[in-house]
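Visitor: Letter by letter, the chains look like this.
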Amino acid sequence: MINKMRTSFLATPYAIWVMICTILPLFYILGYALTNDAGSFTLSNLTAIADPVHLKSLWLSIRVAFFTTAICLLLAYPVALILHNLKLTNKGLVVFLFILPMWMNFMLRILAWQIILSNNGILNSILSTLGLPTLHILYTETAVTLGMVYDFLPYMILPIYNALSKINDQVVEAAADLGANWWTTFTKVTLPLSKDGIISGIIMVFVPALSSFVVSNLLGGGKVLLIGNVIEQEFTLARNWNLGSGLSIILMIFVLLSMSVMNKVDDSENGGMPV
Amino acid sequence: MEFIQFDHVSKSYEKQLILDELDLYIKENTFVTLLGPSGCGKTTTLRLLGGFEKPDSGKIYLNGNDITALPANLRPINTVFQKYALFPHMTIEENIGFGLKIQKKSKDYINDKIKYALKLVNLDGFEKRSIDSLSGGQQQRIAIARAIVNEPKVLLLDEPLGALDLKLRQSMQYELMKIKQELGITFLYVTHDQEEALTMSDTIVVMNQGYIQQIGTPEDIYNEPENAFVADFIGESNIIEGIMIKDELVSFLGVQVPCVDKGFGTMKPVDVVIRPEDVELDAPGKGFMDGVITDCLFKGVHYELDVQCGEYEWLVHTTKYFEVGQKVSLNVIPFNIQIMNKPESEDEEVLKEDDQ
Chain A
1370 MINKMRTSFL ATPYAIWVMI CTILPLFYIL GYALTNDAGS FTLSNLTAIA
1420 DPVHLKSLWL SIRVAFFTTA ICLLLAYPVA LILHNLKLTN KGLVVFLFIL
1470 PMWMNFMLRI LAWQIILSNN GILNSILSTL GLPTLHILYT ETAVTLGMVY
1520 DFLPYMILPI YNALSKINDQ VVEAAADLGA NWWTTFTKVT LPLSKDGIIS
1570 GIIMVFVPAL SSFVVSNLLG GGKVLLIGNV IEQEFTLARN WNLGSGLSII
1620 LMIFVLLSMS VMNKVDDSEN GGMPV
Chain B
48 MEFIQFDHVS KSYEKQLILD ELDLYIKENT FVTLLGPSGC GKTTTLRLLG
98 GFEKPDSGKI YLNGNDITAL PANLRPINTV FQKYALFPHM TIEENIGFGL
148 KIQKKSKDYI NDKIKYALKL VNLDGFEKRS IDSLSGGQQQ RIAIARAIVN
198 EPKVLLLDEP LGALDLKLRQ SMQYELMKIK QELGITFLYV THDQEEALTM
248 SDTIVVMNQG YIQQIGTPED IYNEPENAFV ADFIGESNII EGIMIKDELV
298 SFLGVQVPCV DKGFGTMKPV DVVIRPEDVE LDAPGKGFMD GVITDCLFKG
348 VHYELDVQCG EYEWLVHTTK YFEVGQKVSL NVIPFNIQIM NKPESEDEEV
398 LKEDDQ
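Sequence order for the protein chains is A and B. Quick note on numbering: the first sequence equals residues 1370 to 1644 in the numbering used here. Quick note on numbering: the second sequence equals residues 48 to 403 in the numbering used here.
Since the hints were made in silico from the structure, they are not lab data. These numbers come from a predicted model, not from an experiment. One should not assume that every hint holds.
Listed next, with one range per pair, are the computed distances between beta-carbon atoms [claimed, not checked]:
| hint | chain 1 | residue 1 | chain 2 | residue 2 | range |
| --- | --- | --- | --- | --- | --- |
| 1 | A | Ile1495 | B | Asp179 | 52 to 60 Å |
| 2 | B | Tyr368 | A | Asp1538 | 45 to 53 Å |
| 3 | B | Ser218 | A | Gly1461 | 15 to 23 Å |
Heads up, the beta-carbon is just placed ideally off N, CA and C, and yes, glycines get one too.
The following block holds chain B by itself, in its conformation from the complex (with noise of 0.2 Å):
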């Protein structure tokens, strides 16, 4: 059995279905992220495992123990909440100490880890303050010191960066990494953010609507996503309807290609992605396809084009100038061109809704 597991675990809201039998099986002292867009289950799984929402079926293990009826204050796992949750009547030591001093524990004791805890978050000297002379990232870093001076088997992160802008959400990612490091403990981390999860996590949890559709590390998710819903969530992506005429040649947008995939069958319906940095720009009739520039963005590092071909208009990223109204041909070379089995259950269907 693994460190912690859902089993067939269902919840609904008012009738509606928020997980439907979720299974999830999760490794000790990983950093694990679940990652979709909102209401797609991920917050209800966290809560689920943090203990303040009750599944209607199923069985939540942690360690082997049943834990699906413990109540919160009884299981060794810890939360850091989205909106930091703070004791705004506590000064930031009151804050810490508040779990150790449940715990009974000697006060010599409790001063050390809340010293301990605030040299790990790089807030030394802070004890006394109060919250409210504090800034959103520093009582973010408060948070996190008061839910890991429990030295807690799991830490729950709810979407703890979702406050902050955008340089400090990148530091934080960093510093969280370093606490994961330093700590060694199971993190469990919700975010909506692709680029926080490709960031930090071992592993990455794609949900949608309640189902899981892809579990594979950052590499995996981002290079082999396995339906058009993680191609799509995951960075950007051309989504094109093809046909697989056989083994390594697939036919889109009326013209044939050659790609690497096998094992789909003969002229079976799939849908095929290619990634904006893996199209490459031609002079006309070179490539596999010719267009016309329609749209030319400066986005830093990069230019992003809209390329019409046909019917299609294709998102391409080149470090390249292009004139809008050039024509070009587009080729992309076998390895990088990603099929995938279009959904046949209705229930398959479900999960790819929120890309139409």
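With the rest of the complex left out, here is chain A (with noise of 0.2 Å):
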């Protein structure tokens, strides 16, 4: 009893935070999003998503988040797998490069992707010397994919590292005591017991990725408006913080829907795995 009271005690600065820095505006957007600037309720700023530019930015993020977390996820499982694999004794410091970008300001690298894409940067410059054909992605959505897969990709690596340096490695020598090459190993025993880092790594990645505008406004250049671009731009450009307010609301749903249907991926597969 003491000792759960203890314990509640020490939640309160956790729930005074909650309160103030995630409740509270939670609470202020949903009064926004179900009013109009005259301050009556009106439905009109969540039914606004059904305007065809509202509706073309939220597919277009869609695709660009999917895109990103299937890339993501294609690149870092095979690193994942290698990096658990690799007999190193200094496993710590190989995990550590490749969090290290991480550490560096999220803007000057993608910056840095700006200067490497653009028409005259180092890509073309490389490619021109090799005498073959100038690309020209920037300000594309292939750029924006890009700049996102380069930013989120360490969020795909570390889930899967993690689950993978879980599986006991004598479930994995058993498997192949039992009879079972290589592939069988990994397609029965490694990649299912792997399953929940890669349902995290696809969470961490595609929640930010749909909601993102930062990567889209410096490689798309106002080209390429995500859902977030537009969001973005009506609480600064156009001040509209009701209409903001309201295609928040939307695409907060849309994350909640991702992840619920994630999560039932993982129970039913939970359930039972067929034979």
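Both chains are sitting in their own frames, so use the hints and assemble them into the complex.
Guide: Written out as structure tokens, the structure is:
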């Protein structure tokens, strides 16, 4: 009893923090979303998503987030697997090298990509030196996806690497012992046992990718308008906080939906795999 | 050529030599136990046979075939791992059927085999249960079932009972012996528990620091240890430095005592091993040496006594109670005095390091 009181007492600062920084703003956004600038109740800020411009942005966001997540997964899984299988004594250092970019300023890293990808940038000067045709991908969807993949890749590698590290080596040996070759061991044992890591990786990449607007600002140059950019512009340029809040709520619903879909995948597979 | 043969097998990890030129022969359909303290190389030997490690040099033969380079999944050998290593994402049925599915056996065959294996380990009807719902002992039985359904030529068991409590360990020992009889295949068992080894094995291989110390039946190993390490590791012993004066007469702790050993030469330094249950206590003056009881502990079947005789403190097991401080004399019949050569070369000295 005393123990319980003591623990709940310790949670007080956190509760205050959540109140002020999460719950209160959420109610504010909800309040803005459900009213017009005169302050009376309306649903028009929510239904505004049906506007073709907004729908197009939302669809573009989903597409970019989807490709970003898929490419990250395809790149990250082999990397995590190789990292895990390396019989290195200093694994920490290798993992550190992958996290290192995360410690540098995010804007700087994206600006660097702007310089690399620009028409007279490093990429094109390398290509022209090699006698290859130059690419004009800056300010396109490709550049935005590339920037996001670069930015979110560590968030995919780390949970997968962690999940792989948690697999008991003896379980993998047991599969080989029972006659499984490398591929069977991978598909029947390693992959299913790292599923939790894959799901957290997908959530950790897909959710921020869906609502991102900074990467598309810098690498899309105003030509790639994600739903995040639309919301940002409603707040900063159009000064229409009500509309911005309404679209935010819609986006939040999409985020929650995608997370619950992922969790459902998790649950159903835990329920038992067919033989 | 024997059924399993290790031919000059060496293995080291990070420059530390684990096995040095190991030669080991194992007969078909025997229960062989590798026994030794941790770090003696017993698990490495098992892993080399399972195919989880490759030797640095030397060859391993199974049934006359060189399997040194054969990967684990192609060896007709299955393993029961120390911590069970069951697949946590599969049901019991899927775990046991894993190997058979890879061999592309028919569904009926697989189901029959699973049923048979579960019956053999006393877990009938557990097919659909999940791994989490099992106790440690049950998980280990499933691990055994999962290994034996594949009808391996050799079953490797890596301290499989280590994580279980004493009572369960004892009953599992009898079950393993029963399973061994039913299957009629070779068991290679790794343990550091001498009681387990003595109970179950046909042959015990005592190892220390990468070298085989002695190979023999449990009776041989217990009654006729070849060196001080084996004597000390298997059961408890009084190990005393002595001098073999001539055949059938040994001198230690300042007294000369008749024994039955011959052929050591004259005035040769030796180790004298006397089991605590072989020491008989008598009234002072009647034995070969007098002493004082310094400790008396009740151990259930017997009392464990410490008897101080000058510099040396004897360990004695008796069924009679003695008071601390009581004066007694010691007696040992010549047959129960075991004489062993002292290590001569440096290599042999290494083998002894643990008991000093």
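Visitor: It remains to establish, for every hint, whether it holds in the given structure.
Guide: Hint-by-hint comparison with the structure:
1. For the hinted restraint 52 to 60 Å between Ile1495(A) and Asp179(B), the CB-CB distance of approximately 55 Å keeps it satisfied.
2. At roughly 52 Å, the beta-carbon separation of Tyr368(B) and Asp1538(A) lies within the given 45 to 53 Å, and the hint holds.
3. Distance hint check for Ser218(B) and Gly1461(A): the Cβ-Cβ separation is about 44 Å, which falls outside the suggested range of 15 to 23 Å.
Of the hints listed earlier, the one the structure fails to meet is number 3.
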